[in-house]
Amino acid sequence: MSSPLLEVRDLRIYYYTLTGIVRAVDGVSFWMAEGEVLGIAGESGCGKSTLGYGLLGLVPPPGRIVSGSIVLDRTDVTKLRPPELRKVRWAKVSMIFQGAMNALNPVYTVGHQLAEPLVLHRGLSVKEALEVATDMIKKVGLTPDVLRRYPHELSGGMKQRVMIAMALLLKPRLVIADEPTTALDVVIQAQIMNLFKELRKIERNAMILITHDLSLIAEIADRTSVMYAGKIVEIGSSDEVFGNPLHPYTQGLLRSIPRLREKEKITWIPGVPPDLRMPPPGCRFHPRCPYARDVCRSEEPPEIEVEKGHTLSCWLYARR
Amino acid sequence: MYPKLIVEEAYKYFPLRRSLVEILTFRRHRYVRAVDGVSFAVNEGEIYCLAGESGCGKTTTGRLVVRLIDFTAGRALYMPRKEVLSEIPPEYLVDGKYVNLASRLPRYVDKLLRRDVQIIFQDPYGSLNPRMRIYDILKEPLDIHGMGSTEDERRETVFRALEEVKLTPPEEFAERYPHMLSGGQRQRVAVARALILNPSLVVADEPVSMLDVSIRAEILQLMLDLKATRNLTYVFITHDLAVAAYICNNIAVMYLGKIVEKGPIDVVINNPQHPYARALIAAVPEPDPRNRFKIRELPISGEVPSAAHIPPGCRFHPRCPYAMDICKTEEPPEIEVEKGHTLSCWLYARR
Ligand SMILES: Nc1ncnc2c1ncn2[C@@H]1O[C@H](COP(=O)(O)OP(=O)(O)OP(=O)(O)O)[C@@H](O)[C@H]1O
Ligand SMILES: Nc1ncnc2c1ncn2[C@@H]1O[C@H](COP(=O)(O)OP(=O)(O)O)[C@@H](O)[C@H]1O
Ligand code: SF4
Ligand code: SF4
Ligand SMILES: [Mg+2]
Ligand SMILES: [Mg+2]
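Protein sequence lines, in the order shown, are assigned to chains A and B.
Using my numbering, the letters of the first sequence correspond one by one to residues 1 to 320.
Using my numbering, the letters of the second sequence correspond one by one to residues 1001 to 1351.
Be aware that one or more of the hints could be misleading.
To be verified - Label-pair ranges, simulated between beta-carbon atoms:
id	chain 1	residue 1	chain 2	residue 2	range
1	A	Thr267	B	Ile1295	28 to 38 Å
2	A	His121	B	Glu1172	33 to 43 Å
3	A	Thr17	B	Glu1172	40 to 50 Å
4	A	Arg261	B	Arg1350	39 to 49 Å
5	A	Glu262	B	Met1001	50 to 60 Å
6	A	Ser69	B	Ser1209	19 to 29 Å
7	B	Glu1336	A	Trp31	53 to 63 Å
8	B	Gly1340	A	Glu262	19 to 29 Å
9	A	Val126	B	Ser1301	49 to 59 Å
Unchecked claim - Chain A is faced by these chain B residues, among others (derived, beta-carbon under 8 Å):
id	residue
10	Ser1054
11	Val1094
12	Ile1215
Because the hints were derived from the structure by calculation, they are not lab data.
Note that the structure is predicted; figures quoted are calculated from it, not measured.
Glycine included, each C-beta is placed from N, C-alpha and C at the ideal position.
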């Protein structure tokens, strides 16, 4: 196999707050192949966004990357200085942020905002930049007149399309989309998901889709990972994770989703996720896990590859 | 059997604030037509769902039913629980068993109704006063309505309510403040507060939307259990059709202040007819990775216009792939396509 596009090893990102250290990402490892779509699912506060920011080297204070490596296209992002990092950020990896629609600058036209990075980072003339921007705006399903408009003149769905155009503009190898549709209505959400599906065929960039909604991940991701309390507890092909979920947390999550056309009884996971300032010892899921046993309460479960490419951390699957 | 609630042609217009220029030039008041002629009937003991995208008027309809706001026009006949009904003088009754929620009622009748019709709000963070202990939050409605003859009795009622929503031991939870509870626990307090006056109709406005998926089922199950033990009827407001499919008996799909299609939940979910309802249902994502290779069929274009600028004719026509000339000028009538399944669309009108 050729070297992966992205390899994250034992990444730890902590927030140093007055009330304690929030271990938002606490030993996360995974890799991604070129052109692949990886979904990252998990409940509110489990560290999804922090992980996304971390991959861009953009952790907001009081947070910082404590240890681990993020090798993107053979460069360790954690070792770069800010100016080098800025280059990587536009050309190799870009992000569509949670609630991004409000990230557009209200005083510039959409065209200005799209052309600027092309001029700055690619050295294009303004005319060339506008041509590229026009091309991209069409690809995301908008008409070129949008380039002359200001953000407040656009609807939520249109703004999100502009954000997607912006993220794809410099043809990054990896796009990180953090809850890209959460603020949108379901019809617009479905249109944006359609757009992502079409764009991946044309642009062939890899994508990380971060969302609390497992259904959206199933809509597009080749592989799915499930985060709980700062850790990835299960990762595998989407067919495996949805069809044969093995970690008790993944199983619980999937059983809690009502289906549109099935009357199967849904269940819930008792309790709440832990406070990441003082996560429980052993397996972090043990206070909510129906299968917890003594070892779970004291020792962290190892990572086990149950099948090629399907990995999880749970004592139930450890052969000892 | 008589329905528990019959909403007939309900309207709620909110005036838009005029600019100074508009006032000086005597420009007419403009309105947000939040609820624009809505009719539906809720049977006793059922869960009736109001569904639709944000801004379509679900919450406003719910707030009309619980009398938090006044009707601009229309009527809502409500059949209170027997004990409440017997306290209402006959001159305020319609057909001897209904009260018109849209009419002017004397204070004491109003108070009786406020007890019998309760609401659960969407936001478990904003809907509880952060400075009050859970005990006081639950006791407040008892004080307002003069329930219970002694402090001990009220205390017992509060503890029983906490036990009913599984916040045990009640003595411990009673002493806490809202910020000391998780989102799910707060929503259980909201359920307890809505039920403490023993209502018979509960409007639940997106009661699980703000909660993590893994704990939603617990609140839904709690609501189902309480419905059974307390003989409740719910108007359940949600934008999540999968949740609606799971919990409701009947559904009304709203678009820009109007119901476009309504009927038994299975019929509407499996066989939607109105072009908007069809698109809405086709857009629901499902946790099935086989969908990865499917582009969803969503023939509709554009986005929902503002409720201050509702298009003439069929309000859905600018986005509808089937729009005809008549759709642009005349509102479609409501048509019953099969028993209990109605929709408003010119495609189905025999003319
Ligand atoms: N700037 C910050 N300062 C301190 N703690 C933070 C900060 N940002 C996030 N956290 C904490 O880090 C943890 C992970 O947060 P993060 O935003 O990554 O979660 P998330 O999985 O993206 O959640 P959501 O689904 O709600 O977006 C949480 O406990 C959160 O409270
Ligand atoms: N108090 C109010 N004043 C003015 N407009 C309002 C008010 N409440 C709701 N609206 C408007 O009425 C429409 C319907 O709102 P709402 O009933 O909250 O919809 P939903 O609950 O379906 O999201 C929206 O356009 C909203 O902005
Ligand atoms: S390690 Fe133990 S507590 Fe953790 S998920 Fe597995 S069985 Fe449950
Ligand atoms: S009445 Fe006309 S515009 Fe409205 S939904 Fe039916 S076909 Fe479409
Ligand atoms: Mg987040
Ligand atoms: Mg609402």
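Identify every previously stated hint that the structure contradicts and give their numbers, smallest first.
-> 2, 3, 4, 5, 6, 9, 11
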